[in-house]
Amino acid sequence: MKNVLKPVMRESLVDRLAGEIRTSINSGDYTMGERLPTIMEMARRFGVGHPTVREALKKLEANGVVEIRHGSGVYVTRTQDVLVMASDYSGKVTKKLLLDLIQARSPIEAQSAALASRNGTEEHFAEMRRLLTTAAENLDNDSVLNSVNMAFHRQIATASGNAVIAQLLDVMQTLFTDEQRLILGIFGSRKQDHQEHLSIFVALEQRQEQLATERMRQHLDGVAAAIERWDPQHHPVA
Numbered sequence: 002m003k004n005v006l007k008p009v010m011r012e013s014l015v016d017r018l019a020g021e022i023r024t025s026i027n028s029g030d031y032t033m034g035e036r037l038p039t040i041m042e043m044a045r046r047f048g049v050g051h052p053t054v055r056e057a058l059k060k061l062e063a064n065g066v067v068e069i070r071h072g073s074g075v076y077v078t079r080t081q082d083v084l085v086m087a088s089d090y091s092g093k094v095t096k097k098l099l100l101d102l103i104q105a106r107s108p109i110e111a112q113s114a115a116l117a118s119r120n121g122t123e124e125h126f127a128e129m130r131r132l133l134t135t136a137a138e139n140l141d142n143d144s145v146l147n148s149v150n151m152a153f154h155r156q157i158a159t160a161s162g163n164a165v166i167a168q169l170l171d172v173m174q175t176l177f178t179d180e181q182r183l184i185l186g187i188f189g190s191r192k193q194d195h196q197e198h199l200s201i202f203v204a205l206e207q208r209q210e211q212l213a214t215e216r217m218r219q220h221l222d223g224v225a226a227a228i229e230r231w232d233p234q235h236h237p238v239a
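For the sequence shown, the residue numbers in the working numbering are 2 to 239.
In short, the hints are calculated from the structure, not lab data. Treat the hints with care, since some could be wrong.
Pairs of lysine-lysine, DSSO-like flavour, derived with a Cα cap of 27 Å [unchecked claim]: (1) K192 - K60; (2) K59 - K192; (3) K192 - K96; (4) K59 - K96; (5) K97 - K60; (6) K60 - K96; (7) K97 - K192.
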């Protein structure tokens with residue numbers, strides 16, 4: 002790692018390490034699309050173990066700062082912090098909280114899809130296609146699948162061309178990373194979820210604004226309906 006990255010204290014080690022890496026990226030040491038040093042090199046520079054580096058990178062990936070491409074490396078996907086720096090949410094996870102989250106996402110992501118159908122570039126669509134291919138290869142791996150699914154939604158927001166929409170989605174994903182993972186478990190069918198993402202992408206790529214918007218709404222309405230049916234007492238999700 003470059004010399005600007007200093008060893009971190011043991012207190013809140015993963016969070017501190019993630020913060021150091023984020024700061025280095027935001028300050029311009031690493032640019033959009035650039036590959037970060039290997040886990041071995043980062044562990045040596047920071048004076049931490051390999052598992053700590055991996056957890057810090059997973060945290061940054063969940064927040065959309067980097068992308069972990071298995072067999073290739075870790076790449077920078079965002080070089081600026083969100084407008085509002087979200088602090089860790091400490092509230093109790095309830096059925097209502099999950100419904101509130103989906104209800105908040107729905108109008109933002111519907112507008113995101115509408116704008117992405119107009120403003121998305123071939124590069125945006127190529128990245129969406131790559132993410133969907135990765136998702137299809139990991140339908141039985143919830144850890145990878147959740148991260149890739151969130152990256153797909155973020156890519157739509159990026160393609161919208163609206164920086165506020167993109168950063169609002171980043172804030173929600175940063176605050177509610179664990180809740181998003183829980184929602185995937187509640188929804189149940191990874192295959193159905195993936196098919197709905199594919200249908201949204203087809204409409205976006207064909208620049209069918211109304212269809213893309215409607216498919217995004219239907220997708221999130223379906224997620225909300227699954228949460229409504231969920232009985233956390235008798236069917237808890239790990």
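Status of the hints after comparison with the structure:
no.	hint	in the structure
1	K192 - K60	holds (25 Å)
2	K59 - K192	holds (24 Å)
3	K192 - K96	holds (23 Å)
4	K59 - K96	holds (26 Å)
5	K97 - K60	holds (25 Å)
6	K60 - K96	holds (24 Å)
7	K97 - K192	holds (26 Å)
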